[in-house]
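With the hints as constraints, model all of the structure from the sequences given.
Taking the working numbering, the leading residue of the sequence shown gets 1, the next gets one more, and so forth.
Derived by calculation from the structure, the hints in this document are not laboratory data. Among these hints, one or two may not hold up.
What the hints assert, rightly or not - Only pairs whose alpha carbons sit at most 25 Å apart, straight line, appear in this in silico BS3-like list of lysine-lysine:
#1 K114 - K52
#2 K114 - K176
#3 K52 - K156
#4 K222 - K241
#5 K176 - K156
#6 K263 - K176
#7 K28 - K112
#8 K52 - K176
#9 K28 - K147
#10 K28 - K149
Said to hold, decoys possible - FRET-style restraints, in silico, Cβ to Cβ:
#11 N215 - D117: 17 to 27 Å
#12 N205 - F45: 37 to 47 Å
#13 R88 - T251: 37 to 47 Å
#14 K259 - N5: 40 to 50 Å
#15 A225 - I272: 17 to 27 Å
Just so we're clear, the structure is a prediction, and the values are computed from it rather than from any experiment. Cβ atoms here follow ideal geometry from the backbone N, Cα and C, with glycine treated the same way.
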Amino acid sequence: KPVNNFLKSMLNRGKSPNTITTYCFHLKLFFEYLQVIGINYDDVFGYDDSEKGPMDYFSDFIMYLQFPQFLSGKVINFDKKQELEPLRTNASINCILTAVFSFYDYLARNEKLKHLDVYKELVANGQTWNFFYGMNTDNLVRANVFKLKVPDEEVKYITEEQCVELMKACRTLRDKLIVGCGFYLGMRASEILNLRISDLHLWENILLITPRENNINGARVKNYAKGKLRVPPELGLMFVKYLDQIENVDTDYVFINLKGKTKHEPMTLGNI
Numbered sequence: 001k002p003v004n005n006f007l008k009s010m011l012n013r014g015k016s017p018n019t020i021t022t023y024c025f026h027l028k029l030f031f032e033y034l035q036v037i038g039i040n041y042d043d044v045f046g047y048d049d050s051e052k053g054p055m056d057y058f059s060d061f062i063m064y065l066q067f068p069q070f071l072s073g074k075v076i077n078f079d080k081k082q083e084l085e086p087l088r089t090n091a092s093i094n095c096i097l098t099a100v101f102s103f104y105d106y107l108a109r110n111e112k113l114k115h116l117d118v119y120k121e122l123v124a125n126g127q128t129w130n131f132f133y134g135m136n137t138d139n140l141v142r143a144n145v146f147k148l149k150v151p152d153e154e155v156k157y158i159t160e161e162q163c164v165e166l167m168k169a170c171r172t173l174r175d176k177l178i179v180g181c182g183f184y185l186g187m188r189a190s191e192i193l194n195l196r197i198s199d200l201h202l203w204e205n206i207l208l209i210t211p212r213e214n215n216i217n218g219a220r221v222k223n224y225a226k227g228k229l230r231v232p233p234e235l236g237l238m239f240v241k242y243l244d245q246i247e248n249v250d251t252d253y254v255f256i257n258l259k260g261k262t263k264h265e266p267m268t269l270g271n272i
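Next up, the structure:
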């Protein structure tokens, strides 16, 4: 029930359905861990016959996420730990911990449990040399002591030449536009699916990002963020030609299915 109430509060605060679904899976992992070690979610603070506290339980949880055999009675040779392949990356584990700590923060704010002391204060930007700088609490940030280090990865991208080749391979003008919107305008898939004909101000080479509720295709603009994008002339011309192709279709959605049982219905993420 507490988890259900927590997820309801996320929904009421306008969190994305995808985010809520992800938190469901993350919390499921945590409660499976609690089941394995035989305690309840409110026991992580320690109880009378326990020698462990939150730091111990969450440290074990991290190990459990990396190496599930850690709590199955098997021995892990820590000298050879690096030779083992962790089940999850540090980035994934950080996301799981964020969901779990958000759940406990919710309980604490509702005065159901005490606050978890899993944060430490650090001086912003690492500038600890100035004593008076450190005295200014506005420059302090809170860092989760359980956050695992994530290695820097080189950004993966495609070149404009590769994008052009990809657009050439598209069979319809609609698909060329979808690729073009992603590459040249940096639009998310949800923003592309949410796009309406009324958002296109092609005479000004402008495209509007307009958050909407209850879209037929389930599209949802991230964080309800509004935006205005400058459309390159070549892409604008493609829009004009495409709109000519669908002018007889009774829809305000820009990207629609062109055939099949769902012909002329708004495209979904699966279609893209």
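These are the hints, each one checked on the structure:
As the CA atoms of K114 and K52 are separated by approximately 16 Å, the hinted pair is consistent with the 25 Å bound. Proximity of K114 to K176 is assessed by CA-CA distance (about 54 Å); at most 25 Å being required, the pair is judged violated. Taking the CA atoms of K52 and K156, the gap is near 43 Å; set against the 25 Å cutoff, the hint is violated. For the suggested pair K222 and K241, the alpha carbons sit about 29 Å apart, so the restraint of at most 25 Å is broken.
Straight-line distance between C-alpha atoms of K176 and K156 comes to about 21 Å, which keeps the hinted pair within the 25 Å bound. For the hint linking K263 to K176, the alpha-carbon distance of about 18 Å falls within 25 Å, and the restraint holds. Proximity of K28 to K112 is assessed by CA-CA distance (about 20 Å); at most 25 Å being required, the pair is judged to hold. For the proposed pair K52 and K176, the alpha carbon gap of about 58 Å is over 25 Å, so the pair is violated.
Simply put, K28 and K147 have alpha-carbon atoms about 20 Å apart, close enough for the 25 Å limit, and the pair holds. A hinted pair counts as satisfied when its Cα atoms are at most 25 Å apart, and K28 with K149 qualifies at roughly 24 Å. A beta carbon spacing of about 42 Å between N215 and D117 contradicts the range 17 to 27 Å that was offered as a hint. For the pair N205 and F45, the beta carbons lie near 58 Å from each other, so the given range of 37 to 47 Å is not met.
Taking the beta carbon of each, R88 and T251 are about 42 Å apart, inside 37 to 47 Å as hinted. Distance hint check: the CB atoms of K259 and N5 are about 45 Å apart, consistent with the given range 40 to 50 Å. In this structure the supplied range 17 to 27 Å holds for A225 paired with I272, their Cβ-Cβ distance being about 20 Å.
When the structure is compared with the earlier hints, violations turn up for hints 2, 3, 4, 8, 11, 12 and for no others.
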